[in-house]
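*Asks:* Sequence:
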Amino acid sequence: MNPSPSSPVSRAVVTALTCLVLALPSHAQAPASKPAAPAGDTLLLTIFLRHDQGKTVDEINAHLERTGFRKSFPPEGVEVVSWYVMMGVGQVVTLRLPPDKLRAVNLAIEKGAWGGFRTEFYPTYDYRPIWEESRAKNR
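Numbered according to mature numbering (1 follows the signal peptide of the UniProt record, and there is no 0), the sequence shown spans residues -28 to -1, 1 to 111.
Derived by calculation from the structure, the hints in this document are not laboratory data.
All values derive from a computational prediction rather than experimental measurement.
The beta-carbon is built from N, C-alpha and C at its ideal position, and this holds for glycine as well.
One should not assume that every hint holds.
[Unchecked claim] Cross-link-like lysine to aspartate or glutamate pairs, in silico, EDC-like; alpha carbons within 20 Å at most: (1) 83 with 13; (2) 83 with 48; (3) 27 with 48; (4) 83 with 30; (5) 83 with 24; (6) 27 with 37; (7) 27 with 82; (8) 27 with 92; (9) 83 with 31; (10) 83 with 72; (11) 109 with 98; (12) 43 with 82; (13) 109 with 92.
[To be verified] Label pairs and their computed distance ranges (CB to CB): (14) 111 with 18: 28 to 34 Å; (15) 111 with 54: 27 to 33 Å; (16) 34 with 82: 16 to 22 Å; (17) 103 with 42: 32 to 38 Å; (18) 26 with 105: 45 to 51 Å; (19) 34 with 98: 32 to 38 Å; (20) 27 with 109: 46 to 52 Å; (21) 26 with 111: 48 to 54 Å; (22) 111 with 38: 52 to 58 Å; (23) 37 with 108: 47 to 53 Å.
Produce the entire structure from the sequences given, and follow the hints as far as they go.
*Replies:* Written as structure tokens, this is what we have:
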């Protein structure tokens, strides 16, 4: 049986999708004003900003505005490689940064995102060149 357009499930899905679409522009970031260090001198860091499901998107956005998160993140010299919304999880941000900027990233998250998001950090590396080289050798 398909839920009718007015069923609670349908309304919840439509509401969730609408909130995500409306929230996306407010999380867009301009490129860092200062170029990041060359790739050989940098690391990748993937951050999961898990939505606090006890808060509405408007409440989360108000928290980010109050804390100045959008002004302080990413810190100068840190490049946003990707920033995606993962439905049901939150936002997934991958940064490229020199090792000496790790503390600044951590502080920007602690001071701005905590309270709106639960955070997880994962050191990351780009496996694609290795995969492409291996694939080319095995052809």
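*Asks:* If a hint holds in the structure, say so; if it doesn't, say that too.
*Replies:* Cross-check of the supplied hints:
1. 83 with 13: Measuring from Cα to Cα gives roughly 26 Å; hence the hint is violated.
2. 83 with 48: holds, 16 Å
3. 27 with 48: Violated, because 29 Å separates the two Cα atoms, which is more than 20 Å.
4. 83 with 30: holds, 19 Å
5. 83 with 24: holds, 16 Å
6. 27 with 37: Since the Cα atoms of residue 27 and residue 37 sit roughly 15 Å apart, the hinted pair holds (cutoff 20 Å).
7. 27 with 82: OK: residue 27 and residue 82 at ~18 Å, within 20 Å.
8. 27 with 92: Holds - the C-alpha atoms of residue 92 and residue 27 are around 19 Å apart, at most 20 Å.
9. 83 with 31: Answer holds: residue 83 to residue 31 is near 17 Å, not above 20 Å.
10. 83 with 72: holds, 18 Å
11. 109 with 98: Roughly 19 Å separates the two Cα atoms, so the pair holds.
12. 43 with 82: holds, 14 Å
13. 109 with 92: violated, 36 Å
14. 111 with 18: 28 to 34 Å: The hinted range 28 to 34 Å holds for residue 111 and residue 18, with Cβ atoms some 30 Å apart.
15. 111 with 54: 27 to 33 Å: holds, 29 Å
16. 34 with 82: 16 to 22 Å: Holds - the Cβ-Cβ distance for residue 34 and residue 82, about 18 Å, lies within 16 to 22 Å.
17. 103 with 42: 32 to 38 Å: holds, 35 Å
18. 26 with 105: 45 to 51 Å: This hint holds: roughly 46 Å between Cβ atoms.
19. 34 with 98: 32 to 38 Å: holds, 36 Å
20. 27 with 109: 46 to 52 Å: holds, 50 Å
21. 26 with 111: 48 to 54 Å: Holds - the Cβ-Cβ distance for residue 26 and residue 111, about 52 Å, lies within 48 to 54 Å.
22. 111 with 38: 52 to 58 Å: Given range 52 to 58 Å: holds, Cβ gap about 55 Å.
23. 37 with 108: 47 to 53 Å: Holds: the Cβ-Cβ distance is about 48 Å, inside 47 to 53 Å.
Hints 1, 3, 13, counting from the list given before, are not met by this structure.
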